[in-house]
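Peer 1: As they're listed, the protein sequences go chains A and B.
So for the first sequence, numbering that gives the first Met the number 0 puts the first residue at 0; every next one is plus one.
So for the second sequence, numbering that gives the first Met the number 0 puts the first residue at 0; every next one is plus one.
Worth flagging that the hints you see were computed from the coordinates, not collected in a lab.
There is no bait here: all hints are sound.
As a list, the in silico EDC-like pairs of lysine to aspartate or glutamate whose alpha-carbon atoms are at most 20 Å apart:
(1) Lys14(B) to Asp104(A)
(2) Lys361(A) to Glu337(A)
(3) Lys232(A) to Asp269(B)
(4) Lys703(B) to Glu155(A)
This one's a predicted model, so the numbers in the text were calculated from it and none came from an experiment.
Here is how the chains run, residue by residue.
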Amino acid sequence: MTTRASIRFLRRGRIVELSHVPPMRSVLDWLRLDERARGTKEGCNEGDCGACTVALGTLKNGKLVYEPVNACILLVGQLDGKELITVDDLADGETLHPVQQALVDTHGSQCGFCTPGFVMSLFTLYQQGGAPTRDEIATHIAGNLCRCTGYRPIIEAAQLSCSGKAADRWAKGAKEATRQLAALDDGADVFVGTPESFIARPAQAATLARLAAENPDATIVSGATDVGLWITKQMRQLPKIILTGGVKELHAVESGKDRVTLGAAATYAEATPALASIDADVAEVMRRLGSTQVRASGTVGGNIANGSPIGDMPPMLIALGATLTLRHGAVERSLPLENFSIAYGRQDRKPGELVWRIDVPKLRRNEAFRAYKISKRFDQDISAVMAGFKFTLDGRTISSARIAFGGMAATPKRGAATEAALQGVSLDQPASWATAIDSLAKDFQPISDMRASAAYRIDVAQGLLKKALMEVAGAANTRVLAHRKAVA
Amino acid sequence: MAVARRSIETKTVGKTLAHDSAPLHVQGSATYIDYMREPEGLVHVYPGFAKDGALGKIKTLDLSAVKSAPGVIAVFTAKDIPGLNDCAPVFGGDPILADGSIMFHGQVIFAVVADTREAARRAAKLAKIEIAAEKPAVTIEDALAAKTKDVGDPYQFLRRDPAKAIASAKNSVSESFRIGGQEHFYLEGQVSLAVPEEHGAVTVHCSTQHPSEVQHLVAHMLHVQASMVTVECRRMGGAFGGKESQAAQWACLAALAARLLGRLAKCRLDRDEDMMLTGKRHDFRVDYTAGFDGKGRVTGVDVDFLARCGYSADLSNAICDRTMFHADNAYFYPAARIATRRLRTNTVSNTAFRGFGGPQGMLFAERLMEVIASRTGQDPLDVRKANLYGVKGSVTPYGMKVEDNIAPEIIEELETSSDYRARRKKIARFNAKNAVLKKGISLTPVKFGISFTLTYLNQAGALVHVYTDGSVHLNHGGTEMGQGLYTKVAQVVAEEFGIAASDVRITATTTGKVPNTSATAASSGADLNGMAAKAAAGTIKNRLIALAAKQWKVPKSRIRFEGGKVLGGKHAIAFGDLAKQAHAARISLSSTGYYATPKIHWDRPKAKGRPFFYFAYGASCSEVTIDTLTGEMTVDRVDILHDVGRSLNPGLDIGQVEGGFVQGMGWLTTEELVFDEQGRLRTHAPSTYKIPCASDVPADFRVKLFESRGNKEDTIYRSKAVGEPPLMLGNSVWTAIFDAIASLKPGDIPKLDAPATPEAILRAVKEMQS
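Let the hints inform the model, and build the full structure from the sequences given.
Peer 2: So, in structure tokens, the structure goes:
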């Protein structure tokens, strides 16, 4: 096992090697202040507007994949082993890249400040080589805000330029980039800094577990889509940062016969195909969760580990009956996911212990699942209320139910009284649903905040349970977003 | 309105040309102030404020930890300001650095200067500040209860006796609703870079719509003459009104540091602070009573607009005036009292935002049409048509005759092209069949008055140079914020000289070249600066014509400028060659140009006159679906027909129309500002404040420019202003939601406020169901 005292990544065909990078240095600041590249823009400094979008090339199972990420909340250490492409790189002399030219042709820029981010998001879409639908394009750029154009011309630019196989410099150079990235993958545990102030990116699982156990005061970072804001907004000092993303086995996503197993460092993007196979609603919530940029960086494990009461994944996973496995040093232990969050900001995780693995049971034939995300804006918004429902059916009768909500309590939480009241309820007798729906007000005492009032949260939770029951009973036309094609 | 127009043949004007900076935008190489190369010795300035407290005396101000923080060079408070400590645009009352007390949460108390921006930001958080906090007036109701002193006097338009008209009407309605504010969310935050110059002068690169005002405020702050301050802006990364008065404070802080330290100084706000510390669109409570007849025709309106202005006057008075000017939208009110209160609250001072108070006035008018329809059982479109100007009357409540009314034509055309009537029937069938989902549709007009209502602001200057190789240098007082003003004005100059727009070199707006400018605001940019630039170019052109006519011995009237050449009789010469000859003949190839809008006058005390040169019109038809279990909503289809007169550049104009619509839709749907009881803004980041994203724009989005015969008034190439009017096309989304909710219980009035968030929609749905 080797150790390397530098961050290495591929940029403009060359290897950049940094051995003196401050642990909290963001990729955006590195670009602007160190490399002095001027193209990438800072719009919000919190991963919400996408003006700072850059593309990262990563080898995934040997295949070169380009993903958009928010440079403002990406740490330089996270670049290790990847290719970094920015808006400054795209034009070939006087010739614009196809996505750039399309944006000019469609009047896709007005003030131009968000444009570099859109260019890079479209660049990654272009590399996918398909002909995405309008909905797919809108989803792909949900993490890029434009205040001027109203998006129509930008979507049109995507349709014009992303219409087939990629044929740009990157497509042509893919082989060479793949070779270079493979050569960068030396399996070394990266450790840059001193024992008091460092950024570490172990490649070996054992090193990660040991390092975390030895440094219980370190900040464990997977995608930095949350920790990034501790740095940019709360201006916290995080002298010791341990990145989980270098451990390949933690990215593993296995879809077995009766369960999906995720390593804690699997990004949303990596986990989506397997989790989406459980139910269309999981797919739809994950489509709306964060943005393409956030899903490329952020992890399901991180969404659980940070213990937020408003994470989108925990209510669904709890309703599905997921099990969480933690690791401290060499010792693993497992617990039902709903037991992980103890109180606001407090989880059942010892200092130095790591979220390691998540097991999510698939649905049985007699189980029906529904999940709903309620937010002011459909895409890239934090939920006011997030609901997950699993009904076990005996014919047209509910024999048992698991329901879990986010945004309704200080932690993601199951509704015991509601679950009890759902037992024996007939799908064919809506009048019999009332007790269960009313029980939600007993199970949950939500707060009022900037996302919603307590009264609305209760109202909408009740509306969602009613909706779920109606849908499972067979009702059609129950959603304004018609992404769920198949209703039971 | 069959007025024959002189047909104007144009080569460049009227053509769709890409935004001049588009190739730079897409490469990330367009220069914004924070991306200018940083010179040696640049320092960074960051504002500091109290974490808690919105109103009260500053009890403790301990800056020792700030001063000793790593990288800190200096810390400035009010006493360090050499001149006037005020960056208010008109009425005063906006301290650059709070002196003794604060009036809203986040009011800036000190500025820290450090060698890096991060060091300055970190240090700014270290201040120990204690406010002897009093209970702040946060809401409109708080201000009424606390009887805070209004930021401006109440003002009203009165026509005939509305109370009597309403009392004797067949039907009447009396209700109250709320309209939320709006954060600008320009993508480029506030930023200024100040360069100290000789003799105590300073040059400020400022992202602002109003360089002249920034110049004056910096000069007053430094206690120097205006000529010692130069303010320059090549482009802004969006502004929308938020960089009119709101840019000055950061320019002043940068200039203060530059002057006191003798170093270049930059001040750029982080997004969260930008949202907390700068003003927004005004939110309103609207209380009104209206009378109407059996056919839905308004007989009288009595409306009070209560505006939350924030802690100071800023531009609130002109904004509230514009609310009143637009409370009629396109409708004739035979009797009316239209009144505003300009309430002072302990919140950030609300300011200009695209539409400048007009949108709130018009939303009232559109709500009134919906309410009348729900009472009479008519289709809301028929109510609208029955009330349009021209049906019963053509004079506005402020005494201006509507002479250019094309609202009826636009509505008719859109009604047909959007298939409104058939869709209305289809929606009724859908609603009858579906329990959870309900649809609504609405077609609303826009009539927006063009001109600054403060008449003297309607002037502009330009400066054009022709070099001896025929290249052209263009400068004018308007600023570029993405709207394409520079491109349009370049087209005008290119047209004049018969050259390509790309041969006109567009240069940064600077107070050093064109002085005493008005803000690029009120949609006036192209109208005013286009005319001024045309005048400047025309002066040079006339000199060249005179020269060519003399040399060629052809009449002046036969000299033409076309395709880069000057033609006359049998003669033809390259434009550049003629320029060279002119120079050799000692003829000036440089000229200023000036324009002042004709015809307009406004007597505010009497509330009479012609405040607007003309009106811009448009209409939109929106169809929405709401979820009655959750309050969620989607916009299914939008049809727009908008009047830009004879377009200067249809590509850019469509961009303004679409972008304006989406911004207006956001204001009325997802964008919600939430202040807590302590007066702290809780939605100060894009994570909590939600502007529309790509999927919020309907896939079925049909936008057309109205085939205009040209502006009735003699504007630049008979075009019309397009900056603000399209924002109010978004009103139809809100009224369509209103319509969907109204379908739950015909005859009842939905208690829907703006913005129609899922929560607001569900609340209104539940009230209809109870």
